[in-house]
Amino acid sequence: MSAKSLTEVTYRIRRFNPERDSAPHWEEYRIPYTPGMTVLDGLWKVKELRAPDLAWRSSCRMGVCGSCGMLVNGMARLACNTQVTDLGGDTVVVAPLPNFDIIRDLVPELAPMFDNHRALQPYVIREDARELGEPTGEFAQSAHELEQYLQFSYCIKCGCCMAACPTYATDALYSGPMPLGQAHRYNTDTRDGGFAARREVLAGEAGPWRCHYAGECSRVCPKGVDPAKAIQLMKRELVLDYLRLRKAKCPAKVAAKPSGVRRPEIPDAPAPTV
Amino acid sequence: MMRDQKLWTWHLAAGAVILVFLGLHMTIMHLDKVVSVASLNPAGGHPIDWNNVVARGKSVLFPLTYVVLLGAALFHGLYGVRNILFELDPAHWLKRTISAVLLLVGVGLFVVGTWAAIAGFSLARAI
Amino acid sequence: MLETRAHPNRLGIWGWLGGGRWGAERYLYTLHRLTGLGLVTYFLLHIVVTSSRALGQEAWQQAMTAVTGPLFKVGEFLVFLAFAFHAANGIRLGLIELGFGVGGPIEPVYPYRTSLDVQRPLAVIALLLAAVLVVMGTLNFWVLD
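Protein chains in written order, with my numbering: chain A, 6 to 279; chain B, 4 to 130; chain C, -8 to 136.
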């Protein structure tokens, strides 16, 4: 069936109401298809026409807030980022993100992920905490230093990687790709001095040691953060740290303020015309 | 108790050691016709024939390499099993039990194997 | 926080086999575990059997006859296959998990080129190496014997 001839789609949704049901079950809804419809658009249609009590999380509808992570046709994706026609066929199978408890319908309990995240102290840690609170200038960071962690800073905490990870599927103590990727994001940030603090958690069972590079997290990440890469790079740092070969970098200093004197070769601005 | 950061580094190092020594072992035992090294199977026939076993066992390299391979392989393999079992999220007391059992099995078999290597060496020397 | 009767939804061991997308690297991971378990099982028995070399020719030959026969030969061949894959994939994992061959941080531009795409040649080389070993082993076990 080509995309052009699609007039209706079937939504097969995993539903669960804790006040009524003892276990999740499948429900099917047939709704009209409009060109360019995303999975999220379809869910709104289902709620409007068929199931007013359907529950899910969504917000920005443009792939930046990370609320609408769901299992769509067997793969963890953002509902707002997925075109119905990209799935092939005329059935959209929607289930809540696996590896998280189901609160209701398509709403997963993401608190454990954020607990693991918080445990790895995902913020810039410096000895001169006063500078963080009352800054006197900007921290000196080159473009090259920024590039070392910028990719991992694009994470929107949607939880798709956690749903795809085989280790997180069984191991409750493993931190998961998102917290570990973010730990690496801060360890590599030259403004941060918190490697030793994070190592306390990273050296043990919550660390990256249970990652075996199945790579599913990077495959499903909707922002291209590549947490699998972050974790392997972090393992190298930690192994070097154990072998005492890691170069301890001082956190970036506050950049020197410009002296206020204009360099001679820079021409003056033209006179204002207005 | 050694934390995972250290255990994993040793796991990797053991893997590298096994690659070299087990590679040699496999070549001698199972690739002897494709890659024949006459000095390692001097009596001809199968590598597991007694004559070949004795001939290889005469060199001092035999107990040395076997004990290194034994230690590395036991650590690597049992740490792997420990990882797989721990990932199934057992209770805390069960984790302690698993660690203890694997440690006992590992040390026990290491003792058995080292004895066999040294005793086999002295036996081969005597023949 | 509100007390909710949330329904458990962890994938469990099924998550080890497939749960996100059927990527090749996930199968390599599963196969690496299976071959590792097979090898360690064989190895523990192997230590006990081959220790008989220290007890003289009689004991050795008794032990060897106990482990001869078509079933054991097939079993040993399977162990060799497991070794071939586990070793080749192990080299690949050893490099990758120390951060080599996965590429460095990049600016993600859709469609994303992840570390999985960067390490793909390494995975192919590892599988080729395993294939070469399998061919050599097949020759040795079944053809030239």
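Treat the hints as calculated values from the structure; they're not laboratory data. A quick note: this is a predicted structure, and the numbers were derived from the prediction, not measured. Be a bit skeptical, because a hint or two may be false.
With the C-beta cut set under 10 Å, the calculated list includes, among others, these residues of chain A facing chain B [said to hold, decoys possible]:
#, residue
1, Tyr38
2, Thr90
3, Leu92
4, Thr172
5, Asp176
6, Leu178
7, Leu207
8, Asp246
9, Leu248
Stretch-level coverage of chain A by chain C, calculated; a stretch enters the list once three of its residues show a Cβ under 8 Å from a Cβ in chain C [claimed, not checked]:
#, stretch
10, 14 to 28
11, 227 to 234
12, 252 to 265
Pairs of lysine-lysine residues, derived as BS3-like cross-links and limited to a Cα-Cα distance of at most 25 Å, are as follows [to be verified]:
#, chain 1, residue 1, chain 2, residue 2
13, B, Lys9, B, Lys98
14, B, Lys36, A, Lys254
15, A, Lys252, B, Lys9
16, A, Lys254, A, Lys162
17, B, Lys98, C, Lys64
Think of the CB as a built atom: it goes at the ideal place given N, C-alpha and C, for glycine as much as any other residue.
- Message: When the structure is checked against the list of hints, which entries are broken? Sort them ascending.
- Response: Of the numbered hints given earlier, those the structure breaks are 1, 2, 3, 12, 14, 16, 17, listed in rising order.
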